[in-house]
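Please take these sequences and the hints and turn them into a complete structure.
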Amino acid sequence: MEETAPAVLEIGFVLVLAAAAGWGVRRFGLPATIGYLAVGLAVSPFTPGYVADRQQIQLLADVGIVLLLFEVGIEIDLVRLGREQRGLFFLAPAQVLITTVVVAVVAVALGLEPGAGGLVGLAVALSSSVVIVNITRSRRRTTDAPTERAMLGWSVLQDVTGVIVAEVVLIAIQPPERSPLLVAAGFVVFGVLALGLARVLPVVLRGLDREPDLFLIVSVATGLGVAGIGSVTFGLPLALSAFVAGLAIGEGAETNQARLRLLPFRDLLAVLFFVAIGMLLDPVELVDGLGWLAVLLALLVVAKVVLAWVLTRAAGLNARPLQLAVGIGQVGEFTFVLASIGLAAGAIGQELYEALLGSIVISIAVSSVVVRAVGKRPAELVQRGGPPAEPAEPIVPAPS
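Here my numbering is used: the sequence shown runs in plain steps of one and ends on residue 400.
Think of the hints as simulated: they come from the structure by calculation, not from any bench.
Keep in mind it's a predicted model, so treat the numbers as computed, not measured.
One should not assume that every hint holds.
So the derived label-pair ranges between C-beta atoms look like this [claimed, not checked]:
hint : residue 1 : residue 2 : range
1    : F90       : P45       : 28 to 38 Å
2    : L216      : V189      : 35 to 45 Å
3    : D209      : A145      : 27 to 37 Å
4    : V366      : I164      : 39 to 49 Å
5    : L110      : V366      : 19 to 29 Å
6    : V369      : R313      : 17 to 27 Å
7    : L110      : A344      : 17 to 27 Å
8    : D288      : A344      : 38 to 48 Å
9    : A94       : N256      : 43 to 53 Å
10   : A7        : R86       : 28 to 38 Å
11   : V374      : A19       : 22 to 32 Å
12   : N256      : D288      : 19 to 29 Å
No residue lacks a Cβ here, since even glycine has one placed at the ideal position from N, Cα and C.
Okay, here's the thing in structure tokens:
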């Protein structure tokens, strides 16, 4: 046990730093995630001073993102969403597809292979569920209820569409020795496995209703185990496997209870996910990739924010078009996952990878702040005094 004590101490130290940084940035009206990212950069090997063990933090961060996306998949209720915001079933998928294609065309024109261009396009097209939930839960928010529902629903349908598009993109960037048919078959078999789990898990959880410790163990083990099977056996990304499994299981009485019991573990470990992103951000490589960063941010504005604003206005969606567009105008956890896949597969280089990480940090900060301003009337902006006390915002979806 004494041999692991330094690692335990380091994790505790990093979490304390993250808590302090999160509290500090909230005093300036910024989301806590910016503080977590800053802590990661501060303890990374690319900055002077203390260097944390990236591998052990990355392991815990991977567990956190798996539980996060597994829970988000369970929370999605497409039937209820269809009743409340039917127009979103066209608008959100259209935005994802159009953004992916536009960014991919530009990326290919700048020298990327088509598969890599599609991966970058999808990375820009998807938003951060974590940040969007923070926007709709913060006491400083200026969104109204219809805009909040539309924003959350848009994010949900982005993720669902992204899973389908990701299958095509991942097949395109696979090494030549891996048959596209085998990769596609792996997706299908894993989907069948997830659907089978959807019928078994509620029965098992119902039988453990009076055993809270076992109920929790099975809930956590299901999320981690299914994601691991998808990755090890079928070659799917961990995070994508977890989301598909949660989506297949759906939200019922037993699975919703499992989701609620996962929240504390997911909240804690998700903090380390953002710290891990900060630790991967190499300022030197980012400077070399400034051209890519500028392109990505410009495309994020034009092919995503402006596009979402146009689609929302044209469809007459019950929401504030500009505020909704700015609210989804960031990239996050799926972008990190896709960027990591592209780098590991050799589809994108280190400079583009760092530019994608940089776009996560910048877009989260800008979107989280600007979305409040565009919802205020001019008189409110002038008369507003000092900022009110900021509550502890959840960094992941709150219970329905």
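Here is how each hint holds up against the structure:
{"no.": "1", "hint": "F90 to P45: 28 to 38 Å", "verdict": "46 Å, violated"}
{"no.": "2", "hint": "L216 to V189: 35 to 45 Å", "verdict": "29 Å, violated"}
{"no.": "3", "hint": "D209 to A145: 27 to 37 Å", "verdict": "34 Å, holds"}
{"no.": "4", "hint": "V366 to I164: 39 to 49 Å", "verdict": "29 Å, violated"}
{"no.": "5", "hint": "L110 to V366: 19 to 29 Å", "verdict": "23 Å, holds"}
{"no.": "6", "hint": "V369 to R313: 17 to 27 Å", "verdict": "23 Å, holds"}
{"no.": "7", "hint": "L110 to A344: 17 to 27 Å", "verdict": "21 Å, holds"}
{"no.": "8", "hint": "D288 to A344: 38 to 48 Å", "verdict": "20 Å, violated"}
{"no.": "9", "hint": "A94 to N256: 43 to 53 Å", "verdict": "30 Å, violated"}
{"no.": "10", "hint": "A7 to R86: 28 to 38 Å", "verdict": "50 Å, violated"}
{"no.": "11", "hint": "V374 to A19: 22 to 32 Å", "verdict": "30 Å, holds"}
{"no.": "12", "hint": "N256 to D288: 19 to 29 Å", "verdict": "47 Å, violated"}
The structure fails hints 1, 2, 4, 8, 9, 10 and 12 (numbered hints given earlier, in ascending order).
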